[in-house]
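**Q** Protein sequence lines correspond, in order, to chains A and W.
Sequence positions in the first sequence follow my numbering and run 1 to 468.
Sequence positions in the second sequence follow my numbering and run 1 to 443.
You may find that some hints are simply not true.
[Stated by the list, open to error] With a straight-line Cα cutoff of 27 Å, these simulated DSS-like cross-link-like pairs (lysine-lysine) come out:
#1 Lys118/A - Lys428/W
#2 Lys65/W - Lys2/A
#3 Lys386/W - Lys3/A
#4 Lys118/A - Lys393/W
#5 Lys346/W - Lys118/A
#6 Lys386/W - Lys118/A
#7 Lys119/A - Lys386/W
#8 Lys3/A - Lys65/W
#9 Lys393/W - Lys82/A
#10 Lys30/W - Lys463/A
#11 Lys396/W - Lys119/A
#12 Lys391/A - Lys30/W
#13 Lys95/A - Lys386/W
#14 Lys392/A - Lys30/W
#15 Lys95/A - Lys194/W
#16 Lys393/W - Lys46/A
#17 Lys459/A - Lys441/A
#18 Lys65/W - Lys46/A
#19 Lys2/A - Lys346/W
#20 Lys119/A - Lys194/W
#21 Lys118/A - Lys70/W
#22 Lys438/W - Lys194/W
#23 Lys159/A - Lys95/A
#24 Lys70/W - Lys322/A
#25 Lys322/A - Lys218/A
#26 Lys301/W - Lys82/A
#27 Lys438/W - Lys384/A
#28 Lys346/W - Lys46/A
#29 Lys119/A - Lys258/W
#30 Lys30/W - Lys82/A
#31 Lys194/W - Lys118/A
#32 Lys322/A - Lys343/W
#33 Lys95/A - Lys393/W
#34 Lys65/W - Lys391/A
#35 Lys65/W - Lys384/A
No wet-lab data here; the hints were simulated from the structure.
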Amino acid sequence: MKKEALDDLSQVIPGDRMFLDLAERYCYSYDASFGEYLPEIVVQPKNAEEISEVVKLANTHKIPVYPRGSGTSLSGGPLPVKGGMVLDMTLLRDKLIIDRENMLAIVSPGVITANIHKKAEEAGLFYPPDPSSSNVATIGGNLLENSSGPKGLKYGTTKEYVIGLEVVTPTGEIIRTGGKTVKNVTGYDLTRLIVGSEGTLGIVTEAIIRLIPKPLSKQTFVAHFNHLIDSGHAITSILSSGILPSALELMDNACIRAVESYRPSGLPLQAEAILIIEIDGHPLAIEEEINKCADICRTEGASYVKIAETEEERQTIWSARKLVSPAITQMGPTKISEDATVPRNQIPAMMEKLNNIREKYGLNLVVFGHAGDGNLHPNIITDKRNITEMKKVELAVSEIFEAAIELGGTLSGEHGIGTLKSPYMEMELGITGVNMMKKIKEAWDPNNILNPGKIFPDKGQTKVVLVT
Amino acid sequence: MNLPVKPNETNTAVQNLYSDAYDWTNQCVKCGYCLPACPTYESMGVESASPRGRINLVKMAAEGKIDFQKDLAEPIDLCLGCRACETACPVGVPYGHILEAAKEAVENSPSANQKNKMTKIKKLALVHLFPYPKRMNRIGSAVHLYQKTGLSKLIRTSNVLQKVSPALAHLEQALPAIESSSKRIRTGTIMPAKGETKLKVAFFAGCIMDSMMSRINRLTIELLNIAGCEVILPENQNCCGALHSHQGETKQAKALAKRNIQAFMQSDSDVIVNNAGGCGASLIEYGHLLADDHEWAGAAKDFSEKSKDISQILYQLGPLPFTEEWQGIVSYQDSCHLRNVQKVQKEPRLLLQSIPGVSYVEMEGFDRCCASGGIYNLLHFDESMKILDEKMKNLKETKATTIVTVNPGCQMQMSIGIQREGAANQMKSMHLVEILAKACGLD
Ligand SMILES: Cc1cc2nc3c(=O)[nH]c(=O)nc-3n(C[C@H](O)[C@H](O)[C@H](O)COP(=O)(O)OP(=O)(O)OC[C@H]3O[C@@H](n4cnc5c(N)ncnc54)[C@H](O)[C@@H]3O)c2cc1C
Ligand code: SF4
Ligand code: SF4
Numbered sequence: 001m002k003k004e005a006l007d008d009l010s011q012v013i014p015g016d017r018m019f020l021d022l023a024e025r026y027c028y029s030y031d032a033s034f035g036e037y038l039p040e041i042v043v044q045p046k047n048a049e050e051i052s053e054v055v056k057l058a059n060t061h062k063i064p065v066y067p068r069g070s071g072t073s074l075s076g077g078p079l080p081v082k083g084g085m086v087l088d089m090t091l092l093r094d095k096l097i098i099d100r101e102n103m104l105a106i107v108s109p110g111v112i113t114a115n116i117h118k119k120a121e122e123a124g125l126f127y128p129p130d131p132s133s134s135n136v137a138t139i140g141g142n143l144l145e146n147s148s149g150p151k152g153l154k155y156g157t158t159k160e161y162v163i164g165l166e167v168v169t170p171t172g173e174i175i176r177t178g179g180k181t182v183k184n185v186t187g188y189d190l191t192r193l194i195v196g197s198e199g200t201l202g203i204v205t206e207a208i209i210r211l212i213p214k215p216l217s218k219q220t221f222v223a224h225f226n227h228l229i230d231s232g233h234a235i236t237s238i239l240s241s242g243i244l245p246s247a248l249e250l251m252d253n254a255c256i257r258a259v260e261s262y263r264p265s266g267l268p269l270q271a272e273a274i275l276i277i278e279i280d281g282h283p284l285a286i287e288e289e290i291n292k293c294a295d296i297c298r299t300e301g302a303s304y305v306k307i308a309e310t311e312e313e314r315q316t317i318w319s320a321r322k323l324v325s326p327a328i329t330q331m332g333p334t335k336i337s338e339d340a341t342v343p344r345n346q347i348p349a350m351m352e353k354l355n356n357i358r359e360k361y362g363l364n365l366v367v368f369g370h371a372g373d374g375n376l377h378p379n380i381i382t383d384k385r386n387i388t389e390m391k392k393v394e395l396a397v398s399e400i401f402e403a404a405i406e407l408g409g410t411l412s413g414e415h416g417i418g419t420l421k422s423p424y425m426e427m428e429l430g431i432t433g434v435n436m437m438k439k440i441k442e443a444w445d446p447n448n449i450l451n452p453g454k455i456f457p458d459k460g461q462t463k464v465v466l467v468t
Numbered sequence: 001m002n003l004p005v006k007p008n009e010t011n012t013a014v015q016n017l018y019s020d021a022y023d024w025t026n027q028c029v030k031c032g033y034c035l036p037a038c039p040t041y042e043s044m045g046v047e048s049a050s051p052r053g054r055i056n057l058v059k060m061a062a063e064g065k066i067d068f069q070k071d072l073a074e075p076i077d078l079c080l081g082c083r084a085c086e087t088a089c090p091v092g093v094p095y096g097h098i099l100e101a102a103k104e105a106v107e108n109s110p111s112a113n114q115k116n117k118m119t120k121i122k123k124l125a126l127v128h129l130f131p132y133p134k135r136m137n138r139i140g141s142a143v144h145l146y147q148k149t150g151l152s153k154l155i156r157t158s159n160v161l162q163k164v165s166p167a168l169a170h171l172e173q174a175l176p177a178i179e180s181s182s183k184r185i186r187t188g189t190i191m192p193a194k195g196e197t198k199l200k201v202a203f204f205a206g207c208i209m210d211s212m213m214s215r216i217n218r219l220t221i222e223l224l225n226i227a228g229c230e231v232i233l234p235e236n237q238n239c240c241g242a243l244h245s246h247q248g249e250t251k252q253a254k255a256l257a258k259r260n261i262q263a264f265m266q267s268d269s270d271v272i273v274n275n276a277g278g279c280g281a282s283l284i285e286y287g288h289l290l291a292d293d294h295e296w297a298g299a300a301k302d303f304s305e306k307s308k309d310i311s312q313i314l315y316q317l318g319p320l321p322f323t324e325e326w327q328g329i330v331s332y333q334d335s336c337h338l339r340n341v342q343k344v345q346k347e348p349r350l351l352l353q354s355i356p357g358v359s360y361v362e363m364e365g366f367d368r369c370c371a372s373g374g375i376y377n378l379l380h381f382d383e384s385m386k387i388l389d390e391k392m393k394n395l396k397e398t399k400a401t402t403i404v405t406v407n408p409g410c411q412m413q414m415s416i417g418i419q420r421e422g423a424a425n426q427m428k429s430m431h432l433v434e435i436l437a438k439a440c441g442l443d
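Using the sequences plus the hints, can you model the full thing?
**A** Printed below as a string of C-alpha cells:
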C-alpha cells in the first residue's frame, strides 16, 4: 500500500482500528468458502461517516474495498480477490431498536442476526429469515446475500423484509433508500437493488426491517420414503393442497447415512429420502393441516410418518437435519456447498440428475435442502489437496449448474454468486442480461472500487477453477 | 496425488508444527460457529483474537507463510485456553491440541529470541517452583506468615504493590487466608470413611491448591469422608503440569505426568479425585499427552479414565448430610476446564441447589471464561480485566451474595472482580467445597 494512501487513511481511522501486520491480514483472507486472498490492509470503521471518507480515499487512490461481515459466505463474497482493503463491518453493532407500533427493527449492519430474532421475539414479534448461520452471520451479510433458510418457503427471503437502508455509495456519498413505510413506490426501488448485490453496489450502514406477528404455535412431522420419486410427489401434492408449510426439508440417502454414522439416532438407512415438515399458525388450524399433510405422505407411499407430540420430539426430528452439516464434514476436509435451485415440480428430476453426476464422477456427493422452495444443497465432500479429484469436482460443479438451469432453475437460491458462480452467469442470464447488470455496476461504481472480482466473470472465464 | 503443501522449509519448528497440528487445522471449515463462544473475540473484536483466526494462523505458520514470533506468538498468547470454542464447533476441531502444539512451536522456534521467550518470572515459577511440592509449601507457609504478622495489612494500606504492578496487587488481595502448615494433611496418610466405605478414593492435591489453599483440600477430604469415601493422599504426587503444557513446556509436562501416574497407580483406589477444574482437565488428558509413548500410554489412559472432579463424586454418593441452612442467593461460575474439557456442568449446580436454604440463580454468560486462565490475568492484565468486568455486570444482575467456582484460579479472579466492583461487603466468592463443607457443619 502506497504511503500517501496510508497517510490519508490514518487521518480518518485511528491506528488501533487499522491493521497492516501479516497476522491480521491473513485473518481476513478467507471466508467459509474457498480460496485465500491476502488483503493489503484491514480497516474497522465505526460509523457511516468514517466509511464515507474511507471510500472517497479509496477512489482517489484506486484501492479496492471489500466489505465483510462475519465472513460466513459460502460463495466467496467478502474475499479480497484483488488485494486492497477489507472493511470489517462487525464493530457497527450498536443499534438494534424494535419499533413495536410500526412493527419494525432498525439495526446496524454488524448486529448478529440471532440477536434480532431474540429481541423481536421478546416483543412478541417475528423476523422470519433464518439462515443456519444466524448465530454468527451479521444482518449486513444476510442482506447483501439475500439469505434465507427453511422458512423461505412460507415467509420469503431477506429482501421481503428490508424496507429502508442507509448506504455509502461506491463513490463515498451517504444516501437513504426506502423508509419506514411498508408501501413505497417512489421512484426506482434501490432498496431491492442493493439487497442481494453482494456488496458491489454500496456499503449498508443501517437497515430498517419489517417484523410480523409471531405465529401462535407450530407442529412438526417427519416422513420416510423408500423411493425418492415418491417424496417428490408428496412435496407437490402438499403444496397444491392449499397448505403452506413453514418448512419442508429434504435429506437424501447419502445424508441419512452420513448422519447415522456420525451420531447414530435410528434413521432409516434404506430410505431414499426423509422429509421434515413444519406448520405454524393458529393451534386449531395447524392441527388439521398437519394431519392432512401426514395423510398425503402416507398416500404417496411414505414408509413411516411421525408427528411430534412434545417439544422434545420436535427437537429430535430437527436434530437429524441439523446434524447433516457436521456429519458430512467428517467425510473429508473440503466441502463444496452448492445451492442450485429448481422449480419445485422439478425436484425429482433434479435429484435424478444429481445422482447421475455422482455416479459419473465417483464423488462423495450428498443432497439436502429446502425442498419446499426447490432450493437444494448438493454438497461435494473432498480434499482440496487431491488435485485429480478436484479437477473432477470442477466438472461436476459445472454440470450441477447446467442441470439446474436446464430445468428452469437458477444458479443460487441463497448463497450468492461471489467468485464461485460468476463463470456461469451468462448461462443463466445470457450476454445481454449480464451486460445490463454490468451497466448498473459501472454507473454506480465508475472506478470499480467496491468488491471487484465478484458476480461478473473475468474475461474468457467459463468455469470455476478450484485448484491451479 | 496430493498437493505438495508440506513446506520446503528446513526450519524444524515449521516441520514439527506441520506434522503435529496441520491436519487438525485443516479440519476447520471456517464456518465461524465458534466466534460467539469466544471471550477474547468478544472483548478484542478482531479475527486474530478468535478461534477461527487462531487456527488459520497456526495453519499459515505450518505452511511456512508467517513467522512464529512476529505473527503467531501474540494471537496465541492472548488466547485464554478456555476451550469454549471446542464445545461450539460442529465438526469437532481439536482446538486444545492445536493451541498446545502452537505454544510449543512458538517457544521452541529458532526465531525465539530471549526477550520473547518466557518472561523470567514465568520460567522461574514453571521450572523451579510448581514442580516441587516442598518449595510450594514453603511459599504457602511464607504467605501464611505474611498474612498473620500483619505485613499484608501494611502493604495493602501503603499501596506499594499497586505502584509496582496492579496485576500483583489485585492478586495479593485476592489471596485466600492461608492455614498454618500444621493443619495440612501429610501425603501418605489414609483417612477412613465415616460410616460404611462406599468408595476408595485417591486424592490429587495439586501444587497451588496444596500450598495456598490447603484449607480447601482439607475440607475436600472431610467431605469425601462423610460421603462414605476412604481417602488416600498418595506420596510423591506433584503438580499436574497444566501450566507447563499451556506455556508450551510439553517436555516438562510429560515428566510431571509420569511421576503422577506412578504415584497414583501404586495406590489401590477406585477413583482419583481432584478439586481444581484446571488440574482435572490436565489429568483427564494424560492419555492424550502420552499417547505416543509406548511405555506409558496404557497407564496414562487408565489414569485419565479414573480421574474425576470432586462434584461428580459427591453428587454420585449424595445426598450430603447437611446440618446448616444457607442464607441468600447463590450463583455459579463454570470453570472452563471443568465445563468444556471435563464436560462437568450439572453436578456442581445440583449440589448447590441441594443445600438447604439456597436460592440458586443462574447468571447470564455463566459459561464464559472469567479470564483468569491459568496466569493469563498476570500476563495480560488489561485484557483479562475487560472480560472480568463484563462478567461482573452479569453477576450483579443475579443479586447473588455468593458466587461459587470449582477452581482456585477462577475463585481468586472472582474475588478480584468483587473488589473491583467495590462489593466486598455484599458478596463473596467461594469454592464449591467451602460452601458444601460449611453447610455440612465442617470447618
Ligand atoms: C455453516 C453455514 C451455514 C449457512 N447457512 C446458510 C443458510 O441457511 N442460508 C443462507 O442464505 N446462507 C447460509 N450461509 C451463508 C452465509 O452465512 C450467509 O451468506 C450470510 O448472510 C453471510 O453473512 P456474513 O455476516 O458472514 O457476511 P460475509 O460473509 O462477511 O459477507 C457476505 C457478503 O456481504 C457483503 N457485506 C457484508 N456486510 C456488508 C455491508 N454492511 N455492506 C455491504 N456489503 C456487505 C460482503 O462483501 C459479501 O459479499 C451459511 C454459511 C455457513 C458457514
Ligand atoms: S466452529 Fe469449528 S469448523 Fe467452524 S470455524 Fe470454528 S473451529 Fe472452524
Ligand atoms: S480457547 Fe477460549 S479464548 Fe481461546 S480461542 Fe477458544 S474460546 Fe477463544
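**Q** State the violated hints by number, sorted upward, taking the hints as numbered earlier in the document.
**A** Failing hints, ascending: 1, 3, 9, 15, 18, 19, 20, 21, 24, 26, 27, 28, 29, 31.
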